[in-house]
Amino acid sequence: MSQQAQLSDENWTLLFLTWMIVTAATLGSLFFSHVMAFAPCVLCWYQRICLFPLVLILATGLFPFDKRVVNYSLPLAIAGWFTALYHNLLYSKIIPQELQPCSQGVSCTEKYIDLFGFLTIPMLSLLGFSTIITLLFLLKKRTSR
Amino acid sequence: MKYKIFAGTCLALIGIFLATSFYYKAQQAEQYDAMAKNNLSTFVKAYSQTLGNADAKVVLVEFMDPACETCAAFSPIVKQMMAENPGKIKLVLRYAPFHDGADYFVKILEAAKNQGKYWETLEVMFNSQSEWASHHDPQPQKIWQFLPAAGLDLERIKQEMHDPEIAKRIEQDLADANTLNVRKTPGFFVNGRPLETFGAKQLYQLIQSEIKANY
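Chains as they are written, first to last, in our numbering: chain A, 1 to 145; chain B, 1 to 215.
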């Protein structure tokens, strides 16, 4: 295999890995809402809006491999990351609760799960978006060489 | 090759999702069964309002909110199921006033109990609900114009609805709703078993299966 082809194969795998993480996160989110019956709050919905489309966008970029997929998916991932950051700040009370936008319906600061003392649902989201952004940037760097 | 990897991963992820869901539901059912056997008081409290034969072997526990539209829609359905199986079903009402300010209506309802007009009042509430419980513009005060239809002494209601005992009951019911994972109303349990998916047909089937098992 030529070096060129090998490089492009690695890029494909990297994108595939990103897609896998996105899809796993989407299914995890659906598990929380549909199986465990946790109602998503407003901020959760904004993060979902940024996350769910990535499943299809990244999959489209895989067949055939299109490096420009990064340009289309990064803005969504970054918007999701900022929403997740805001959500975490609310959640950990760094931003006072009075400022939160969801007074009706489900509270954005209601604690549903807390794994190992720090892994809450908003934290999972922030970690997920961070990973996705890192992988997409890595791919961008590799393909723009 | 890449297509195969992709398709395989899709199948694997969906498979994992379905398997975990199935496992989670099974675990939950087991948990509820254990709770129904060992911890009956989480489902039924001494103060809870009941309807139907006190010795019925099928106990239908409903966590409800007087301001909840679906609870109002379910009321005739539940009554019809009870009428179809006379003496076999006991309905226990618990409160889960999740709507903003809905505890106000629960207080009126509990105060109406003192006048022996519980079910009449609930029916009036459900029938007039659209007038005072609109999501965009809730107007709790509007309920008072409908209450005389239940034959209530309104002055007495106004005095007794602020009884701290009633507030305590609401708090206890909400705590039990939380324990039982009730996050939406109405939340139904038939002999301690929750609905796996929500719906009138599903409730009907669950009740039928419990009647078959107990009679």
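Keep in mind the hints are simulated off the structure, nothing from the lab. It is possible that part of the hints are untrue.
[Claimed, not checked] Once the Cα atoms are required to be at most 16 angstroms apart in a straight line, the calculated EDC-like pairs of lysine to aspartate or glutamate come out as: (1) K93/A to E10/A; (2) K140/A to E10/A; (3) K141/A to D66/A; (4) K113/B to E69/B; (5) K158/B to D66/A; (6) K90/B to E10/A; (7) K140/A to D9/A; (8) K93/A to D9/A; (9) K184/B to D66/A; (10) K2/B to D9/A; (11) K117/B to E160/B; (12) K184/B to E196/B.
This structure is a prediction, so every number in the text was calculated from the model and none was measured.
Now the hints, each set against the structure:
{"no.": "1", "hint": "K93/A to E10/A", "verdict": "violated (42 angstroms)"}
{"no.": "2", "hint": "K140/A to E10/A", "verdict": "holds (13 angstroms)"}
{"no.": "3", "hint": "K141/A to D66/A", "verdict": "holds (14 angstroms)"}
{"no.": "4", "hint": "K113/B to E69/B", "verdict": "violated (22 angstroms)"}
{"no.": "5", "hint": "K158/B to D66/A", "verdict": "violated (70 angstroms)"}
{"no.": "6", "hint": "K90/B to E10/A", "verdict": "violated (65 angstroms)"}
{"no.": "7", "hint": "K140/A to D9/A", "verdict": "holds (15 angstroms)"}
{"no.": "8", "hint": "K93/A to D9/A", "verdict": "violated (45 angstroms)"}
{"no.": "9", "hint": "K184/B to D66/A", "verdict": "violated (44 angstroms)"}
{"no.": "10", "hint": "K2/B to D9/A", "verdict": "holds (10 angstroms)"}
{"no.": "11", "hint": "K117/B to E160/B", "verdict": "holds (14 angstroms)"}
{"no.": "12", "hint": "K184/B to E196/B", "verdict": "holds (13 angstroms)"}
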